[in-house]
Amino acid sequence: MSTSDDLPRMDRRKALQWMLTATATMAVRDTNLFAADPSPIKAQGYGPDPAMVKVYKPGDVWPLTLAEPQRRTTRALCDVIMPADETSPSASALGVPDFIDEWISSPYPAQAGDRRHILEGLQWIDQEASTRFGKAFADLALEQQTAICSDLAAAKPQPEYKKHASFFKRFRDLTAGGYYTTPEGMKAIGYVGNMPSATFEGPPIEALKHVGLA
Amino acid sequence: MPIISADKLQDSYDVVIVGSGAGGGQTAYTLTMEGLKVLILEAGRAFDVQSEVAMLQLPSQAPLRGEKTPDKQYGFHDCSINSGWDIPGEPYTNANKEPADQFRWWRQRMMGGRTNHWGRIALRNGPYDFKPRTRFGLGFDWPIGYDEIAPYYDKVEMLIGVFGTNEGLENSPNSSPGVLQPAPKLRVGELYAQKHGRKVGAHVASIHRAVLTKPQDADTLPAKLHPGNAKAQSILADSMRTRSPCFWATDCHRGCAIRANYDSQTVHLRPALATGNLDILPNAMAREVTLDKQGKATGITFINKTNGSEGHATGRAVVLAASSQESVRLLLNSKSNAFPQGLANSSGKVGKYVTDSVSSSLSAYIPAFEGMPIHNEDGAGGPHAYVPWTLHAKNIKGELGFPGGYHLEFTSGRQMPSLTTLNGIESKLGHEGVLFGAKLKEEARRYYGCQLGFGAQGTMLPNDGSFCELDPELKDQWGIPVLRFHWKWTDFELNQVKHQQQRIRELLEAMGGKVAAKADSEPAKLIRRGGEVIHEVGGAIMGADRESSVTNQWSQTWDVKNLFMADGAPFASTADKNPTLTIMALAWRMADHLMDEMKKGNI
Numbered sequence: 001m002s003t004s005d006d007l008p009r010m011d012r013r014k015a016l017q018w019m020l021t022a023t024a025t026m027a028v029r030d031t032n033l034f035a036a037d038p039s040p041i042k043a044q045g046y047g048p049d050p051a052m053v054k055v056y057k058p059g060d061v062w063p064l065t066l067a068e069p070q071r072r073t074t075r076a077l078c079d080v081i082m083p084a085d086e087t088s089p090s091a092s093a094l095g096v097p098d099f100i101d102e103w104i105s106s107p108y109p110a111q112a113g114d115r116r117h118i119l120e121g122l123q124w125i126d127q128e129a130s131t132r133f134g135k136a137f138a139d140l141a142l143e144q145q146t147a148i149c150s151d152l153a154a155a156k157p158q159p160e161y162k163k164h165a166s167f168f169k170r171f172r173d174l175t176a177g178g179y180y181t182t183p184e185g186m187k188a189i190g191y192v193g194n195m196p197s198a199t200f201e202g203p204p205i206e207a208l209k210h211v212g213l214a
Numbered sequence: 001m002p003i004i005s006a007d008k009l010q011d012s013y014d015v016v017i018v019g020s021g022a023g024g025g026q027t028a029y030t031l032t033m034e035g036l037k038v039l040i041l042e043a044g045r046a047f048d049v050q051s052e053v054a055m056l057q058l059p060s061q062a063p064l065r066g067e068k069t070p071d072k073q074y075g076f077h078d079c080s081i082n083s084g085w086d087i088p089g090e091p092y093t094n095a096n097k098e099p100a101d102q103f104r105w106w107r108q109r110m111m112g113g114r115t116n117h118w119g120r121i122a123l124r125n126g127p128y129d130f131k132p133r134t135r136f137g138l139g140f141d142w143p144i145g146y147d148e149i150a151p152y153y154d155k156v157e158m159l160i161g162v163f164g165t166n167e168g169l170e171n172s173p174n175s176s177p178g179v180l181q182p183a184p185k186l187r188v189g190e191l192y193a194q195k196h197g198r199k200v201g202a203h204v205a206s207i208h209r210a211v212l213t214k215p216q217d218a219d220t221l222p223a224k225l226h227p228g229n230a231k232a233q234s235i236l237a238d239s240m241r242t243r244s245p246c247f248w249a250t251d252c253h254r255g256c257a258i259r260a261n262y263d264s265q266t267v268h269l270r271p272a273l274a275t276g277n278l279d280i281l282p283n284a285m286a287r288e289v290t291l292d293k294q295g296k297a298t299g300i301t302f303i304n305k306t307n308g309s310e311g312h313a314t315g316r317a318v319v320l321a322a323s324s325q326e327s328v329r330l331l332l333n334s335k336s337n338a339f340p341q342g343l344a345n346s347s348g349k350v351g352k353y354v355t356d357s358v359s360s361s362l363s364a365y366i367p368a369f370e371g372m373p374i375h376n377e378d379g380a381g382g383p384h385a386y387v388p389w390t391l392h393a394k395n396i397k398g399e400l401g402f403p404g405g406y407h408l409e410f411t412s413g414r415q416m417p418s419l420t421t422l423n424g425i426e427s428k429l430g431h432e433g434v435l436f437g438a439k440l441k442e443e444a445r446r447y448y449g450c451q452l453g454f455g456a457q458g459t460m461l462p463n464d465g466s467f468c469e470l471d472p473e474l475k476d477q478w479g480i481p482v483l484r485f486h487w488k489w490t491d492f493e494l495n496q497v498k499h500q501q502q503r504i505r506e507l508l509e510a511m512g513g514k515v516a517a518k519a520d521s522e523p524a525k526l527i528r529r530g531g532e533v534i535h536e537v538g539g540a541i542m543g544a545d546r547e548s549s550v551t552n553q554w555s556q557t558w559d560v561k562n563l564f565m566a567d568g569a570p571f572a573s574t575a576d577k578n579p580t581l582t583i584m585a586l587a588w589r590m591a592d593h594l595m596d597e598m599k600k601g602n603i
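Chains A and B supply the protein sequences, listed in that same order.
The opening residue of the first sequence carries number 1 in the numbering used here; numbering runs sequentially from there.
The opening residue of the second sequence carries number 1 in the numbering used here; numbering runs sequentially from there.
For reference, chain A alone in the conformation it holds in the complex (with noise of 0.2 Å):
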């Protein structure tokens, strides 16, 4: 009945008076188009008796916060993370855009830390395409999207992209994860369960095989 990770341990005083500290230093840089939503999260969570059945979609419990030009940035660089290919669809087709801004809009203490990572960052990302290439990053060619995310994604970033490796390196996890989370990504990654059936018959010969077990 064990899994290995730690729940976060921030208690929800420290939490509100962190976020509370970090919404004020939003509230100071927010001097442009594209502005972190200085405003902290009043919402409330589901409770701790959610009808469990029952299917959500971001929005569902608690307000999407993103404003449009965060979104479309949000929508341009999750398509650069997880673009379509022949046999599976963009993170944007599956929704993961709605689900970064649910992440971020979470009343809940462990998401604060990853609200203010991804405003700023995307207010950083627009800022960036806009000195480079004199556009915001939703509206850049694929190959300038992926030239700004390269650099923010090399082993060694330089200097100057170094303190906005990390915002990438967790925006592509949420990315990732979201969009292997979907009906879609699953069977993109290759997950063929979830389906209920009268018999489990083992691995199959041919995996047996591949592993010298047969």
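Incorrect hints may have been included.
Covered stretches of chain A (chain B as the covering partner; in silico rule of three or more C-beta atoms under 8 Å from a C-beta of chain B) [stated by the list, open to error]:
hint : region
1    : 48-56
2    : 108-116
3    : 142-152
4    : 170-183
5    : 189-202
Below are the DSS-like pairs computed for lysine-lysine, each with C-alpha atoms no more than 30 Å apart in a straight line [as the list claims (entries may be wrong)]:
hint : chain 1 : residue 1 : chain 2 : residue 2
6    : B       : Lys394    : A       : Lys162
7    : B       : Lys600    : B       : Lys224
8    : B       : Lys518    : A       : Lys163
9    : B       : Lys439    : A       : Lys209
10   : B       : Lys185    : A       : Lys187
11   : B       : Lys514    : A       : Lys156
12   : A       : Lys163    : B       : Lys224
13   : A       : Lys169    : B       : Lys514
14   : A       : Lys156    : B       : Lys428
15   : B       : Lys561    : B       : Lys439
16   : B       : Lys231    : A       : Lys209
17   : A       : Lys209    : B       : Lys214
18   : B       : Lys68     : A       : Lys57
19   : A       : Lys209    : B       : Lys600
20   : A       : Lys169    : B       : Lys518
21   : B       : Lys428    : A       : Lys54
22   : B       : Lys561    : A       : Lys187
23   : B       : Lys37     : A       : Lys209
24   : B       : Lys514    : A       : Lys162
25   : B       : Lys439    : A       : Lys135
26   : B       : Lys561    : B       : Lys37
These aren't lab readings, by the way, just hints derived from the structure by calculation.
Backbone N, C-alpha and C define an ideal beta-carbon position, used for all residues, glycine too.
Given chain A, put chain B in place with the hints provided.
Here is chain B on its own, set in the frame of chain A:
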């Protein structure tokens, strides 16, 4: 008799039970099948397993992709409601500030208790596990041995349905012939570990889990379990026929609407209710065991959580099955002139010797699994195999630095992806920088399904530094004094964790696995915190005499003869085996004794 509200309580019952989980469920089942009138008080709400569990829902259909939150501490689709280590309005405290010296207390406030999100691992304690003092000179011997509880293991396994194989292993006992359900075929990772584990002396065996792999034999099992009791046989046969075997999908922690796996409601409470002899009162938070002038228990005072009022349930006998530490809390809060230190506490041992499993884990990337033909590895919603403890010869000689042992539980296969499935992909695949774009999709397909890990669960010796008591000041939202915990790992546990890590690493490397974690980490940093495994037992231990223990071998308190314990509290010591099956076997045995005593007029 059904699930009731407080105004429908009968004037008196034969037995009042606190708690509806494994221990309370088994006790109620055993007693009502024999015609006793029983009341269960459950602190949580009624919960309908059939309509409320989320079996096939995907993470993308849950808020935050189903990740853990303070409201759902095992994740959104885990079959836990109003439950967790931290519950608003229901605090507890720790005497020590260091996290390593703290205990985390999981409470499961719902009908069926913790059996709802149990991993269903159902291993028997072996003969050595009941006699650690005799074997190692450490811990406490139980006042019973394996042979006395073995018939009850058989009975519980037949009743709840446990799959597995008889391996004839030292201290991992066989079940009697015909008791176990067929074990499912092992997955590739489990078979691969079986083959390569031999190189490092690891025996990979089919695990025992409370999941049906075929329909229960409703034509013969009821007569074996209830000889001479036609009504009980008929009710049980009907109940067994409502259960479907596993449909080989979804994690058992989500609960099981088709009743393939065991939970207390599905297996115990359903037939118990069908006897007409059981009332269940949900939303009833027990506060105190009441006594008469002769010092006999008369029932339970409870808070009706629906309106905050106080009520009382009366019974000829009282059984505490509220989870080990909640039952301890009830005893400590039941103070009287006769028992100023808490009920049944003339020994001063109530709250003492709390233990949890000693656990750490390690995983690796297994390159041999790359490119394996895609297939469905869901299986029976949890592990099919485990590595039992077999190093008895070494630790009897004292070579290992710890008594007892541990077993290893698998995490392997192409499991349903979660939000964190790809975290760490770069380090495992040897990439520098962060993957994205087409390359990420390609590498994700290569990476997925190649992770294999083990979680160790081992013996913790009872020690004087791990106990609970009443907090002198703090009360919960109903004004009930709360528990204050003390926790201490000793060198035995830390030595064991060191050994666990080395052994898992050897095993993973024998499979060609690449272990990312460094080998030199401190055991104190790797051991899961006290209470995190949710295997805590003890606090009202059984023993051979009333000076050194709280109950006798029947889980009957020495001080109050009509007061019994039916959860993990009477465990005199822990095994590496998960405690639930033993809780049920002990509860059945206790209930048989309770009825004997009633028949003899002793209660």
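Looking back at the numbered hints, which does the structure fail to meet, lowest number first? The structure breaks hints 6, 12, 15, 16, 19, 21, 22, 23; every other hint is satisfied.
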